[in-house]
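As a plain string of letters, each chain reads:
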Amino acid sequence: MSSLNSQPDPHFREGESEADALISEKLRSLVPPADLKARILAARKTAETTPQSVPVPHFRAPRRGRGPWAMTLAAVILGLALLAWIVPLGMRPSFITYKSDLTDQIVSGEITHLEFTSSQIPPLKEWLAAHHAPADICIPAGAERLPGVGCRTFTWKGKAVSQVCFALEDGKIVHLFVIGQGNWHSAPPQGHPEFTHHGEWTMASWREAGATYVLAGIGDQADLEKLFL
Amino acid sequence: MSDPDFESLVERFYESLYRFALSLARNEHEACDLTQQTFTIWANKGHQLREPSKVKSWLFSTLHREFLGGKRHAARFPQQELEASDHELPIIEPNLVSGLDGQAVLAALREIEEPYRAPLTLFYLRDHSYQEIAEALNIPIGTVMSRISRGKQALRARFLDWKGAIHP
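Here the protein sequences come in this chain order: A and B.
Position 180 of the first sequence, counting from 1, maps to 180 under the numbering used here, and the rest follow consecutively.
Position 67 of the second sequence, counting from 1, maps to 1067 under the numbering used here, and the rest follow consecutively.
In isolation and in its complexed conformation, chain A is listed as follows (with noise of 0.2 Å):
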């Protein structure tokens, strides 16, 4: 490697280079953590196989001469939306719905759309409580020994939601939805998963303290359930 000594310093000065030889060695000395190589190294495996990011589809800009239709059709769609904000206010929210919405956004890609990376846990929890998403998240016993990937958050129905994704060994990611809800209809169980199957996917439902966990990740149910252990 080369050395700064092997280059003329025209500002080094009569004692100063003392005091800079003495800052270098202490800057030297800080040493980085005892894992960080082996993480740098299992990133790299870990990014090796981790699905490319999706982009979400775009809409067709409207044709010409359908500007009027095209309206007509936004503001009749606007107002089933509101309708069916209206008609369920006062009741709760439905959980069928939730999960449905959530599958939409695995099969969008959009779930791979990460706005913060980083293998550890205590950061992926640091960024999601600055974005007032629910943070204080009870990760299953076998996620929690994977290694992360990374944290979104998004709104649902005006509630934060954060998700947090693992990588397996194989490569396959694994995604967790926390939302600070726990009354709805058609809940799922308290205090264990409840499974089911999306196409390749699988996912566990299941409340504890307050708040609603699934699980979503590309495989079977065994494949799931070995993260619970």
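Bear in mind the hints are in silico, worked out from the structure with no lab data behind them.
Any given hint could be a false lead.
As the list claims (entries may be wrong) - A few chain B positions that, by computed beta-carbon distances, are all more than 12 Å from chain A: (1) 1015; (2) 1038; (3) 1039; (4) 1040; (5) 1048; (6) 1049; (7) 1050; (8) 1051; (9) 1065; (10) 1068; (11) 1113; (12) 1114; (13) 1139; (14) 1140.
To be verified - Okay, derived cross-link-like pairs now, EDC-like style, lysine to aspartate or glutamate, Cα gap no bigger than 20 Å in a straight line: (15) A:26 / B:1135; (16) A:37 / B:1066; (17) B:1054 / B:1015; (18) A:37 / B:1005.
As the list claims (entries may be wrong) - Stretches of chain B that chain A covers, calculated by requiring three or more beta carbons in the stretch to come under 8 Å of a beta carbon on chain A: (19) 1016-1026; (20) 1092-1102; (21) 1123-1130.
Just so it is clear, CB atoms sit at the ideal spot from N, CA and C, and this is done for glycine as well.
Starting from the known structure of chain A, arrange chain B on it as the hints suggest.
Frame of chain A, contents of chain B only:
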């Protein structure tokens, strides 16, 4: 998977990159993430580098860019170059430094504005020539020297403050 080239690259540079990241970041976690992210980017894009001799500059440059991207410091710290008269340097007396440990030096570096901190840290890591610092930070060599000068000035002021606080 075994990749001796990647592993040897990590072995050679990760400590130095981590120290550079430490001076830029707020804490160890962030420094680790910056270091790790740098090597992840290398794993994905390193093959695009045409000159193998520039690996070191590429790594430090990438880490610095990742830091700036994350913090958007470029907007918060507009570029301020020194006038020729600013090259007059105060001397950092060894007795200002001798009683400090690594963490104290790091704390002092972190209090220096980022445009001066990055070149000064690379200077003190003693792994880089001025030319390599210029390449890593993508600034002219004259600017590197100016910023190191200004950085040393700020560092000396910080050490003097501490000394004044201990021995008023």
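Original post:
Looking back at the numbered hints, which does the structure fail to meet, lowest number first?
Top reply: Those not satisfied are hints 1, 2, 3, 4 and 15.
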